[in-house]
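Residue strings, one per chain:
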Amino acid sequence: MAASTLQSTGTSEIELTVFTVGDLVCAMENLRVREISAMRPLTKVHHAPAAVRGVVNLRGQIMTVIDLGERFGTGEVPIDRRTRILVVPWGEEDVGLVVDSVEDVMAARVSEIEPTPSNISGVSGKFFRGILKSENDLVAIVDVDALLDFEG
Amino acid sequence: MAVSENDETLQLFLEEAREHLQDIETDLLEIERNADSPGGELVNKVFRGIHSIKGAAGFFGLTRMKDLAHGMENLLNRMRNAEVRAERAVVEALLRAADLLNSMVEAPEASEQIEIASALSMLKSVAPESAAAADRPKVKLMDKASRPVFDLSPSDLESACKGGKSLYLLTFDLVQDVEARGKSPLDLLRDLEKTGLIVESTVRVDRDGLIEGSPQLLPFQILYATVLDEDMTVLLTGLSPENIRKVDPATFDSGKSAPGSGRPAATKGKRARKKSAEPLREPLPEPPMETAPRETTMTESVAIPDAPLSESRSAGILPGGAAAANTLRVNVKVLDRLMTLAGELVLARNQLVQKVSAKNHSEIQTSSQGLSMIISELQEAVMSTRMQPLSIVFGKYHRVVRDMAGALGKDIRLEVDGEDVELDKTVIESIGDPLTHLVRNAVDHGVEANSRKRVEAGKPATATIRLNAFHEAGKVVVEVSDDGRGIDTDLVKAKALERRLVEPAALDRMSEKEIIDLIFLPGFSTASQVTDISGRGVGMDVVKTNFTRLGGVIEIESRRGEGSVFRVKLPLTLAIIPSLLVSVEDETFAIPQVNLVELVRIPARDVRNRIERIGDALVMRLRGRLLPLIRLSDALGMGPHRFQHPETGEWMIDKRERLEDRRGPVDRETRQESARRTHSDRRFHSASAINVAVLSAGAFQYGLIVDRLHESEEIVVKPLGRHLAGTTCYAGATILGDGRVSLILDVMGLSRQLSLRDVGSGEKTREEERNSSRGRDTQSLLLFEVAEGERFAVPLALVSRLEVVPRNAVERPGGRRAMQYRGGSLPLLDLADVAKVGPVADVESWYVVVFAVAGREVGLLASQIVDIAEVSDEVDEQTFRQDGILGSAIVGGSTTLLVDLWGVVRSCLPGWIPDRPAAGGGGERPPILVVDDSPFYRGQISTFLTEVGYEVVQAEDGSKGLEALEARKDIGLVLTDIEMPVMDGLEFVRRIRASERLRGLPVVAVTSLSGEDAQLRGRLAGVDQYMVKLDREKIVSAVETFVAHGRT
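Chains as they are written, first to last, in our numbering: chain A, 1 to 152; chain B, 153 to 1200.
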């Protein structure tokens, strides 16, 4: 099912931004990423959902920043030189996703994408749309909407 | 032709219809007021509005809407012609129809299902046309193939031709003549309306309607009445002459008696009114099409425009057309973007100014000042695009006042002033409801029910309600005033007491203004006060909250007999607000200045005196009143996990007690808390002073404890993302000069956080809440300490005096303590002699609480007198019950033990209290009914009485009491509390006095309510005597007296 959603874009090849969250190598369609930003001064929001790391100033807009490690349940992403924020448009706003690092951009054939197992390295499969097996690595393709929808 | 609903054209039409309808109410009411000078410009205006709605509705295939508009138009037309007077019923019918039209416009997709028959018949019946006129059959305009194009009533035709207008049948092609020119059909209609009247319009899409041979054409036919001649009509419409056909109304009569068939159209129109027109046969020139040769009427001069025409064209606006539009619709999103940019500029300026002033280069400074000014102006200009006039809000009140006054039979005039004052869109949109409430209140409660009363008071019979708006000190003031009866402070007082919103004693100290402000208290206006007219169950507290949310302030001025003014001060905008920046640890927050009352800094040495703990909450003494305190770090749950108690989850209590700990003894602290306190106190460390921002959240105020108070700044409010929608503590965020995001605190949301936590933290808090907010039956208690840290209380009413005795002046005759007192010796008792409590502390001098038992005085030693507090009678009689202690209550945040004075004396000085054997005294001892809702007091009083040999029957409220009196007819005396649920003591006594059988029963009220007022009310109800609760001696002796002598 997951792979078929990707196919429905009508292209046989998709461009992916590859990033890491903890030990997990993840990827997201390039089309979903508006920009990749270095970590910005973060303001904590008390009483916010646990996965919300805080808010940052993105050129005058207040952007909610979600910690993908926290969202995956694998623990908060430690902030260091390599920490990045993936800026993802979501409805009328932009949302930031904190990841450990951004690795690469790669192209993948949709046909190579396999369905998601029920969990990947202990992270629930509901956050993923499929996995891609390269020679020595497993790349989990995230489902951005599932990540951002806190109700589901 | 049904046009898809998301069609832009339809949206445009709906928007325009809304605009027409917006003023219609006001206009109609104005017309009604000027009913004696009919046919004014206003009627015309309403007519035009409705007319254009009708035209466009027809175009969109919204037939119900069209028919309704048509019905209104007819009536309006007759008003215009002074055939119908703008009487109440007429205006009423029009208003109803306008309401219906409004709802259709709001939901066009459902409009075809809306029932309009009754509205239509109302429109017809309010001013019935003469039979002849009504019976006139409709006229059909046919095309050459005898297909009806338009159905018209003769009167429509007549009115269309009024004023020398000619009728034209215009045929536009929607594709070529409209769309290809970049216009919408609506633009077209609008243009045409400027110079004439659209009588009817239709689009033919049915197969038959398609012009033969040219199926791709979409003919849009308009019957148009104008004073323009054919040439100018050609120019105006841009149609080729063959698509314009002049229609002679005379031809409608199809030759039947047409003596004036050659006369101008206008005259024909007039004539037509007098006779009965009939459907016309083949009367019209065929509908225009392709290149068919034009008929007679059009042949004359298709040619060159003459001078006046070119003038009017060069002016760009046609003669008689609407004034050039000086308003412009701007998408709110565009404005928001502009606002964001302007905000960004402001921030950039702030940064620049900061940096530059540090470097001190005068030239850079000059230019940065210039920049600063430009930005301020830009900001203002952008903001002004969001400004809207108050007339949008004020407009609807004419109707509100009229309808309500009508329903209430009051004669009220509404005066409106300052409707052109502008406020931010957001503010305008949100003040409607609370203002409506104020207006309704003024009509319902403000203005006297009877105009005779007004005349007697020397006021005009017609009451005036005034809406006024004006600028003052950078804010907009909106006033709703009436010249009615004013607020009756006595009624307010009575109601506040009845609803237990305020203590009688507190009431006595209040100024008139403070009393009036009581109506803002939650719970002041409740169901019993709700009338159909104004109530709707919304209290003034909600009104106040609504205004507060907008950053507004409301105040009342009222003089009895003269009227009231409700004055609301509103900010111009909500997008940029002055705020105070505060911080806790390294986090900075903004508090909107409008919510800020004052800043209080409590020096470390005063913390102990100024800050108290009540239950689990902190309060601060501020000029004689107690202000609830909340620590921002607590409210936001900053670093909560470390403090949370694993079993009870009571980490909040832990944290809060720390502040209060400074008051208490060290051993208590260690005993209760050290186990849980594993961290150092970050926020109140090292005897630091405490900063409190006193905030007002709607009807109540609280203090927010923060680490540091910073400067005030104008901040740009920005929204938070959707993931944070559930966090009620924030009103948004802003960007500070250093580029960091700072959250704006929602003062009301935070206060809710506080109360949420109160509910969560257990029994004591609930009790406490009841104490403070509901103001139940309360009792004045004297609070004192014996051993340090242990609180005791005795009812103040039982205390005769307080004395101070130096420790070395206390004698110890016979192993007992005593002091020289008024020439005698006063025995001094230490509670520790009786109860398992700490012995009186070793201080320089003791306080002596003097009270009387068995006709003699005795003193109780205390190390410290703490306070006198009003406490509810929620007493826990289980937990701490022991000899000398009646029970416990939470007072001022501490568990306080209630001293059993009588019990103390009995065990320390047994000889003082005469033994009264049960059933002693020889006389008959009837059973006694004790009625009190507090189990504690009921139990106490019962004990007093059973100890001296009475049988006691208990009941928890008046109605239960009555039942008991029914069940036990031998009851000889009633002791009752006054403040009780279900049936209070006063009512209970009234019932007793009203009963034949019970009338002679002695009733003693045991109460904690003091004051002559309360006693008087009791006596009026039939109470024989007042007693203070817990005054065992007096109660017992009163009972004895009444039992012996009955009612006196």
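Treat the hints with caution; some may be incorrect.
[As the list claims (entries may be wrong)] Listed next, the in silico DSS-like pairs over lysine-lysine satisfying Cα-Cα at most 30 angstroms (straight line):
| no. | chain 1 | residue 1 | chain 2 | residue 2 |
| --- | --- | --- | --- | --- |
| 1 | B | K627 | B | K197 |
| 2 | B | K485 | A | K44 |
| 3 | B | K627 | B | K485 |
| 4 | A | K44 | B | K197 |
| 5 | A | K44 | B | K870 |
If you're looking for bench data, these hints aren't it; they were derived computationally from the structure.
Please read these numbers as outputs of a predicted model, since none were measured by experiment.
We went through each hint and held it up to the structure:
no.: 1; hint: B:K627 x B:K197; result: violated (34 angstroms)
no.: 2; hint: B:K485 x A:K44; result: holds (28 angstroms)
no.: 3; hint: B:K627 x B:K485; result: holds (26 angstroms)
no.: 4; hint: A:K44 x B:K197; result: violated (57 angstroms)
no.: 5; hint: A:K44 x B:K870; result: holds (16 angstroms)
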